[in-house]
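Protein chains: 2
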Amino acid sequence: MATGFWKDNPAELLRVRKGFDLRTVDPDATPGTKKGREAGEDELEESAQELRELQEKLYAQSKVGGQLRMLVVLQAMDAAGKGGIVNHVFSHVEPYGLALTSFKAPTAEERAHDFLWRIEPHVPGPGMIGVFDRSHYEDVLIQRVRSFAPPGEIERRYGAISDFEKRIWDKGVKIVKIMLHISPQEQEKRLLARLDNPEKHWKYNTGDLNERLLWPAYMDAFQIAIERTHTEFAPWFVVPANAKWYARAAVQRIVISELSAMDLQWPVGDFDVERERQRVAQSADLRWP
Amino acid sequence: MATGFWKDNPAELLRVRKGFDLRTVDPDATPGTKKGREAGEDELEESAQELRELQEKLYAQSKVGGQLRMLVVLQAMDAAGKGGIVNHVFSHVEPYGLALTSFKAPTAEERAHDFLWRIEPHVPGPGMIGVFDRSHYEDVLIQRVRSFAPPGEIERRYGAISDFEKRIWDKGVKIVKIMLHISPQEQEKRLLARLDNPEKHWKYNTGDLNERLLWPAYMDAFQIAIERTHTEFAPWFVVPANAKWYARAAVQRIVISELSAMDLQWPVGDFDVERERQRVAQSADLRWP
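Protein sequences appear in the order of chains W and C. Number 499 marks the last residue of the first sequence (my numbering); no jumps. Number 499 marks the last residue of the second sequence (my numbering); no jumps.
It is worth saying that the hints were derived from the structure and are not from the lab. Wrong hints could be hidden among the right ones.
If chains are identical, the list can't say which one is meant, so a pair holds when it fits in one copy or spans any two.
Unchecked claim - Here are the simulated lysine to aspartate or glutamate pairs, EDC-like style, with alpha carbons at most 16 Å apart:
id, residue 1, residue 2
1, K245, E320
2, K314, D430
3, K228, D482
4, K413, D480
5, K454, E255
6, K410, D482
7, K454, E396
8, K413, E375
9, K410, D288
10, K228, E442
11, K244, E486
12, K410, E348
13, K376, D473
14, K454, D236
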């Protein structure tokens with residue numbers, strides 16, 4: 211905010227409201243700012259310190275028994291920029307305070323359990339910012355679109371997700387759920403760009419195209435998932451993501467806003483500072499070798 | 211190297227050699243460069259991209275079955291700057307490719323097992339840079355100094371560590387062990403600085419002073435640990451660390467050198483690029499909503 215990049219706060223503008231309709235979200239839009247790419251990249255750099263200080267406070271309070279922590283859920287179609295968010299927004303928080311989990315297609319063992327079984331161990335501990343690259347929402351997105359689970363089971367999961375999110379929220383987890391929203395045309399450009407650059411071929415997955423062809427079904431599944439699981443304690447934010455610089459700056463600002471709302475304070479030491487100074491001074495003649 | 215900051219490579223200069231004597235290492239020295247703080251901080255920034263590209267290649271090769279990975283072990287007296295190394299050197303690698311583990315005093319369950327039991331699950335997987343903030347070396351450092359284990363058991367551990375390190379090296383783990391070496395006078399300054407800044411009080415631990423008073427015994431334990439576990443496949447580097455800017459730039463350059471020696475290549479895609487371009491083109495008329 212300090213740099214004047216944001217006219218309005220994306221944490222308010224992009225937060226899902228009653229009556230939300232994904233079809234009305236323009237992936238090319240840049241709500242909250244009238245500025246362009248260069249200014250957006252500057253904003254990302256300049257606000258990194260603000261994010262880092264908040265994250266350090268979050269981490270610090272846990273060292274004196276505080277229970278607060280954050281969980282950021284990232285969901286999107288392929289090539290929408292989840293990786294870029296991790297590498298350009300969350301790389302600016304201290305590695306000590308970041309717990310990143312990438313959820314892949316479930317293993318046979320994971321499939322033999324309830325869908326939340328593999329999620330639970332990755333709920334962030336006190337002081338941490340947990341980031342889920344994909345998440346339990348895959349179980350109502352690809353699983354719905356591909357009919358990997360029967361309709362009744364998919365139906366059950368929306369409620370189970372909200373119960374789970376309420377349960378961890380009660381333990382001090384601030385939940386921020388983000389959908390990066392790109393257009394199929396933008397995805398096409400990005401997939402072709404990957405194919406054009408041999409250094410990016412390892413990121414290209416021939417299976418992604420199959421999901422691409424199911425775009426309308428995925429958008430329906432996102433709409434329903436957002437409607438059914440958007441709550442006061444676990445809100446969704448839908449971020450237009452055709453412009454990478456916008457999506458990154460917006461996610462950074464959403465995270466900063468949500469951390470700021472936690473009213474974090476530097477913990478007060480539980481020791482006598484003067485006495486400790488004296489103890490250090492007593493060892494001032496220590497020499498080695 | 212590109213910036214001319216390094217006259218000689220610290221990966222060579224700081225690598226432990228036969229006949230190594232910790233008493234001859236000056237914590238104030240800056241081997242390999244004649245430049246100062248400002249140039250050192252520039253070097254750290256400017257070489258971050260070099261580190262990131264190597265790390266990305268390391269990560270990429272694992273996606274096509276490569277087994278290579280790196281383990282960086284950080285050991286030091288309190289306030290020597292381990293945290294700064296993590297936050298200023300390793301924060302520049304992609305979060306996806308970094309696995310940081312901080313080892314604390316062992317729990318009752320951990321103490322009931324062999325000392326390597328809690329280490330094994332944190333050996334980095336293919337493509338990852340694992341960083342240990344403290345490690346299995348605590349089991350021959352504080353445990354030796356404090357007699358937490360009988361002498362015969364400590365004695366056994368040196369060999370067990372080398373067996374363990376050889377075993378994981380055989381699986382593709384490049385091991386880099388770093389001791390940050392500060393003087394007791396420098397530690398005193400840093401502890402007092404923590405006491406002077408209320409925002410840093412949460413980092414201050416009254417117990418640290420007890421270890422400080424055992425400085426000579428710790429230096430003996432480091433000397434012995436380094437002698438007994440420095441091997442071709444798991445070398446030690448002793449980094450003068452009174453100047454933070456030097457220690458950070460030196461560790462960054464050591465990691466870059468060791469990654470470079472792995473001769474990493476971008477993996478070649480296992481798909482037909484032209485056919486994939488056509489498949490993407492076939493879906494070019496996809497529109498939503």
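Sort out which numbered hints this structure fails and list those numbers smallest first.
When the structure is compared with the hints, numbers 1, 2, 3, 8, 11, 12 and 13 turn out to be violated.
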